[in-house]
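Asks: Sequence:
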Amino acid sequence: LAAIPLAAQSHRTAVGITGGWSTTGNLTPGFADETVLEPGWTAGLQLETWLGGGRFGLRAAGSHADRTDQTDGRHSVISGDLVLLTRLLPARAGRLVAPYLALGAGAVHFRSAEGAAPIGGGLYGPGPVTRAVAVAGLGHEGEGRRDHEGQEAPQLPGRLGDPVPVEPHQVG
1137 LAAIPLAAQS
1147 HRTAVGITGG
1157 WSTTGNLTPG
1167 FADETVLEPG
1177 WTAGLQLETW
1187 LGGGRFGLRA
1197 AGSHADRTDQ
1207 TDGRHSVISG
1217 DLVLLTRLLP
1227 ARAGRLVAPY
1237 LALGAGAVHF
1247 RSAEGAAPIG
1257 GGLYGPGPVT
1267 RAVAVAGLGH
1277 EGEGRRDHEG
1287 QEAPQLPGRL
1297 GDPVPVEPHQ
1307 VG
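Residues in the sequence shown are numbered from 1137 upward in steps of one, following my numbering.
Think of the hints as simulated: they come from the structure by calculation, not from any bench.
In this text, a Cβ means the ideal position worked out from N, Cα and C, and glycines have one as well.
Any given hint could be a false lead.
Simulated restraints on C-beta separations [to be verified]:
(1) Glu1277 to Gly1198: 15 to 25 Å
(2) Leu1224 to Pro1262: 14 to 24 Å
(3) Gly1263 to Val1233: 42 to 52 Å
(4) Gly1258 to Thr1185: 38 to 48 Å
(5) Asp1169 to Pro1226: 45 to 55 Å
(6) Leu1232 to Leu1259: 47 to 57 Å
(7) Val1233 to Thr1185: 18 to 28 Å
(8) Arg1247 to Leu1183: 22 to 32 Å
(9) Val1271 to Pro1226: 17 to 27 Å
(10) Asn1162 to Arg1210: 13 to 23 Å
(11) Glu1170 to Thr1222: 33 to 43 Å
Assemble the whole structure, with the sequences as input and the hints as a guide.
Replies: If you want it as structure tokens, here you go:
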């Protein structure tokens, strides 16, 4: 087994595939009939890049989920956002925790499958529904092997997750 670092993953730029489980609350608060989508899977893609000295960055993300409501109507849920990232500590090789603040905005688009009642029983109109969302969060990156300029961090040998050197050889 060999682990090989990818050039697309650094403190400057990252591409990620996301996946997980999500749930929603009542989509029609204040109305007599609740609209709640069943919890389920979600999958997405994100791209982030850190600008200048690596203290500020941008992240663009999108995701998709397929959900059923309480009447068994199916809905496609597509979301996307653009977020400004601010590192609370400068990028440095070997830093165990690199906390950052995330603030941004995006949208969530609900499209009902053919034959399904629209979201909220039509309270938002007969067609697809798009709503603006605010994004705020605090996160951290794990240990970095390279600093923002690509300089290699000093390494301790034999740690779990370290790349395994592989000698090139010919087969045949």
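Asks: Work down the list of hints and note, for each, if the structure agrees.
Replies: Taking the hints in turn, this is what the structure says about them:
For Glu1277 paired with Gly1198, a C-beta distance near 21 Å keeps the hint of 15 to 25 Å intact. Separated by about 46 Å at the C-beta atoms, Leu1224 and Pro1262 break the suggested range of 14 to 24 Å. Checked against the hint of 42 to 52 Å, the pair Gly1263 and Val1233 passes, with Cβ atoms roughly 45 Å apart. Checked against the hint of 38 to 48 Å, the C-beta distance between Gly1258 and Thr1185 comes to roughly 41 Å, which is consistent with it.
About 52 Å separates the C-beta atoms of Asp1169 and Pro1226, a value consistent with the hinted range of 45 to 55 Å. Checked against the hint of 47 to 57 Å, the C-beta distance between Leu1232 and Leu1259 comes to roughly 49 Å, which is consistent with it. Taken as a hint, the range 18 to 28 Å holds for the pair Val1233 and Thr1185, whose Cβ atoms sit roughly 21 Å apart. Between Arg1247 and Leu1183 the C-beta distance comes to about 24 Å, which sits within the given range of 22 to 32 Å.
At about 24 Å, the CB distance of Val1271 to Pro1226 agrees with the hint of 17 to 27 Å. The supplied range of 13 to 23 Å is met by Asn1162 and Arg1210, whose beta-carbon atoms lie about 19 Å from each other. At about 37 Å, the beta-carbon gap between Glu1170 and Thr1222 stays in the expected band of 33 to 43 Å.
Figure legend: structure checked against the earlier numbered hints; the only hint not met is number 2.
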